[in-house]
Amino acid sequence: MVAPPDNDVLWARALHHSHNGSPALQGVSLGVREGEILAVSGPRGSGKTTLLRCLSGRLVPREGEVWFNSAPVHTMTSLQRERLRRDRFGWVGPQPDLVPELTAWENTALPLMLRGTSRRAAKSAALDWLERLDAGDCARLRPHALLQAQRQRVAIARALVTMPSLLFADEPTAPLHRADGAQVLRTLTAAARSHRITVLLATHDPDVAALADRTAHLLDGRRVNSVHLNGAEGRDACSLSV
Amino acid sequence: MLALRLARGAHPLVLLRRLLVAAASAGVGFLLLCTLGYAVGHPGESQAALTRLAWCVLPLAATVHFAVAVARTDPATRPRPGLSAIGLGPARLAAVAAASTAVSCTLGSMVALLVFLHLRGDLTGLPFDGASAELLGAGRPLPLAAALTLLAIVPVVASTTAALTLRPRRKAVLDDDPGTAEPAPAAPPGGLPWGVALVALGVAVETYASRGGTGGAAALPLPGGLGGGPVGVLAGWALTAVGLAVAGPGLTHLTGRLLQAFRPGVTRLLAGRALMDEARRIGRPLGVACAVASATIGATTLYGPGGAQPFGPLTGLGAALVMTCTTATLLTAALESRQTRVTTKDALLRLGASASMLRMAVGVRALALLAVFAPLTWAVAELAALPLR
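Protein sequence lines correspond, in order, to chains A and B.
According to the numbering used here, numbering within the first sequence proceeds without interruption in unit steps and concludes at 300.
According to the numbering used here, numbering within the second sequence proceeds without interruption in unit steps and concludes at 378.
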C-alpha cells in the first residue's frame, strides 16, 4: 500500500468497480488538492456518480485505494465510513432528497442536530446558510411548497451547514433550468471558495465544468485527456438496417 | 393472467399476506355457509337465521378492510415508471390489484365450501367426517344458488373495494414523474371532534337503553345465544366503535403534534412529524383495532369464562376473525407506511443518521401511540360495560 502525496486531501488509485458485472470504473486514479474545485466531467454513463460514491465511501471499490487525509477509506468498516461521511463530507445529489415532513430550516439544521448540536445553535446556523443561499424566505415552508430551485438551494445549504472538508456535488443542477442552475452553481462555488471547502463536482455540462479550477474527464469508466463525442457516428449507425 | 404471473414472482412475504387474506375469506365464507346451514335446518326460525346473518357483517367488514390493506401494500400494484411507459399505468394496476384480491378471496371461499361440506358429512374419506353434522344442518339438501351467492360475497365486495380504493386520482395521474414531483401532504384529519361526539353519544345511548333491560348479561346475548336483546345497547356499542374509528386519525395526528412540541431533539422531531404525516394511514386501522379491542374487553367482562353464556364455536370463530383481521390490517398499514418512507429513510442515512437513531424514532412513535390509545381503549371499554354490570 503506497501512501498518498501529502498535498492531496483526497487521493484515489486504480479504482475498479462494476455494477452486477457491468463495468463502471476501470482503473481511475485521481488526486484532489485542498480547497480546490475539481470537476469530474463526462457523458452520461461514464462512471461519474460511481466515482463520487467510491470516493465518498458510499461504495467500496472492487479494486483500488481511496485515501482521505492519509486515512485509507477503502479499508474502513461501514460504521467508520458512516462516521466519516457525517463528520467530514457533504453530499448534494441531482435530487434534493429533503425530508418531506420537516420545514426548510429543519432540513438544513438536521445534519447539525444529528451531530448533537443544540437546537438553538443548529437553527441559527441553518437560517444563516439559507439567507446566504437566497432561500431565507422559504425557511418555514415544507418541501412540497417550494420550487425545485429552492429545494435544491435548501439541499446545498444542508450540505454546507456542517462546513465539511469535502463536498461531493453530483450533477447538482441537473433538474433545473439553465438560469436557475447557473445561479445555484454560482452560490455553491462562491460559498465553497469563501470557506475553503474542497468540492468535487460531477457534471456532463462543459459550461458547469468551466467554473471549476481543474477538470478530470471520464469516458466509459476511464480517465481521458478530453472527451470529443462525434455526432456523425450516430448518423452512420442509422444507415444500417436492423 | 397478468395478476397470476405477477403473483408467481412475488416475494414470499407478499404471498403470505395474500394467503392470510385467503384464510380470512375462508373463515367468513364458512360462517356464511353455517348461517345457511342453520336456516336450512330450522325453517321456522327465520328471525334467528337473519340475526346470525347480520352478525356475519362484522367479520366480513374486517376481512374486506384487511384485503384492501394488503392490496395497497402489494408491490406488484405500485405504479412504476417502466410499466407506465408501456401502458400499464395506475388504472390498469388497480384492475390487477382487484383481480389479485378476487383470486385470493375466491380461493378462500373454495376452501370454506370444501371444509363446510366435509364437516357436514357430504364429502367423505377424511378424518372428522361429519364432525359437526348436527350444527351445520346435515341431511337436508343445500340450495346451490344460495351457497354460491354467499360465497361470492367476499370476493366481489373485497375486489370492488380494492379497485375503488386504488383507482387513480386525477392528481396522481398528472404527477407521474416521481423525480420532480414532491407530493403535498394530506390535510390534517379533522375527525377527532366527531369521533369524541360519537363515543359520548354511544355511551349515552347504551346507558339509556340498558335502564329498561333486565340488567346483566342476559340483556345482551351474543349470536351464540341468540335472542332479542335491547337494540339500543347494541346501537350504543356500534356508535362507540364507529366513534373510535373516526377519532383514530385525528388522535394520531394530535399525538404526533404533542410528540414534536416544546423544542424537540432530532429523534422526537422525526418521530412526531412522521406520525403527523402518517396520521390517516396509521390512524384509521388503529382506531378500528381500538374499537375491536374495547368491544372485546367489554364482552369478556360481561361474558367471560364462567359466565352465564360461554362463547359458542361459531361466535368464537367470528370474534377471532375480526380480531386477527384488524390486527393484521394495522400491521399491514404500518408496513405500507414503512414502504412509503423508504426514500426519506435513505436520505436520512445519507445525511449520517445512524440506523439505531431511526429505530429509536420508530420506537418512540410506537410508545407514544400506545400511551395514548391503550388507556383510551380501556376507558371506553369500561364505560361501555358499566351500565350492563
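It is worth saying that the hints were derived from the structure and are not from the lab.
Hints are supplied without guarantee of correctness; some may be wrong.
Unchecked claim - Estimated spans, in silico, between C-beta atoms of each pair:
| id | chain 1 | residue 1 | chain 2 | residue 2 | range |
| --- | --- | --- | --- | --- | --- |
| 1 | A | Pro81 | B | Val145 | 26 to 34 Å |
| 2 | A | Ser284 | B | Arg252 | 34 to 42 Å |
| 3 | B | Ala173 | A | Gly194 | 44 to 52 Å |
| 4 | A | His74 | B | Ser345 | 42 to 50 Å |
| 5 | A | Arg251 | B | Leu153 | 51 to 59 Å |
| 6 | A | Glu92 | B | Lys334 | 30 to 38 Å |
| 7 | A | Pro81 | B | Ala173 | 48 to 56 Å |
| 8 | A | Pro81 | B | Ala250 | 22 to 30 Å |
| 9 | A | Val118 | B | Ala173 | 54 to 62 Å |
| 10 | A | Ser136 | B | Gln328 | 40 to 48 Å |
| 11 | A | Arg178 | B | Ala173 | 27 to 35 Å |
| 12 | B | Arg339 | A | Asp186 | 35 to 43 Å |
| 13 | B | Arg(-3) | A | Asp186 | 19 to 27 Å |
The beta carbon of each residue, even a glycine, is placed where N, CA and C say it ideally should be.
* Verdict for B/Arg(-3), A/Asp186 (Cβ pair) under range 19 to 27 Å -> 56 Å, violated
* Starting from the hint 54 to 62 Å, judge whether the C-beta atoms of A/Val118 and B/Ala173 obey it. => 38 Å, violated
* Distance restraint hint 30 to 38 Å, applied to the beta-carbon atoms of A/Glu92 and B/Lys334 -> 33 Å, holds
* Asked: Quick one: are B/Ala173 and A/Gly194 within 44 to 52 Å, going by C-beta?
  -> 23 Å, violated
* Asked: Between A/Arg178 and B/Ala173, does the beta-carbon spacing fit 27 to 35 Å?
  -> 30 Å, holds
* Is it true that the C-beta distance of A/Ser284 to B/Arg252 lies inside 34 to 42 Å, as the hint says? -> 54 Å, violated
* To do: Kindly confirm whether 40 to 48 Å is satisfied by the beta carbon distance between A/Ser136 and B/Gln328.
  => 24 Å, violated
* Asked: Is 48 to 56 Å right for how far apart the beta carbons of A/Pro81 and B/Ala173 are?
  -> 42 Å, violated
* Honestly, do A/Arg251 and B/Leu153 meet the 51 to 59 Å range at C-beta? -> 57 Å, holds
* Is the hinted range of 35 to 43 Å satisfied by the C-beta distance from B/Arg339 to A/Asp186? -> 23 Å, violated
* Taking the CB of A/Pro81 and the CB of B/Ala250, does the distance hold inside 22 to 30 Å? -> 52 Å, violated
* To do: Can you let me know if the beta-carbon spacing of A/Pro81 and B/Val145 is within 26 to 34 Å?
  => At roughly 53 Å between Cβ atoms, B/Val145 and A/Pro81 fall outside 26 to 34 Å, so the hint is violated.
Of the numbered hints given earlier, the model fails hints 1, 2, 3, 4, 7, 8, 9, 10, 12 and 13; all others are met.
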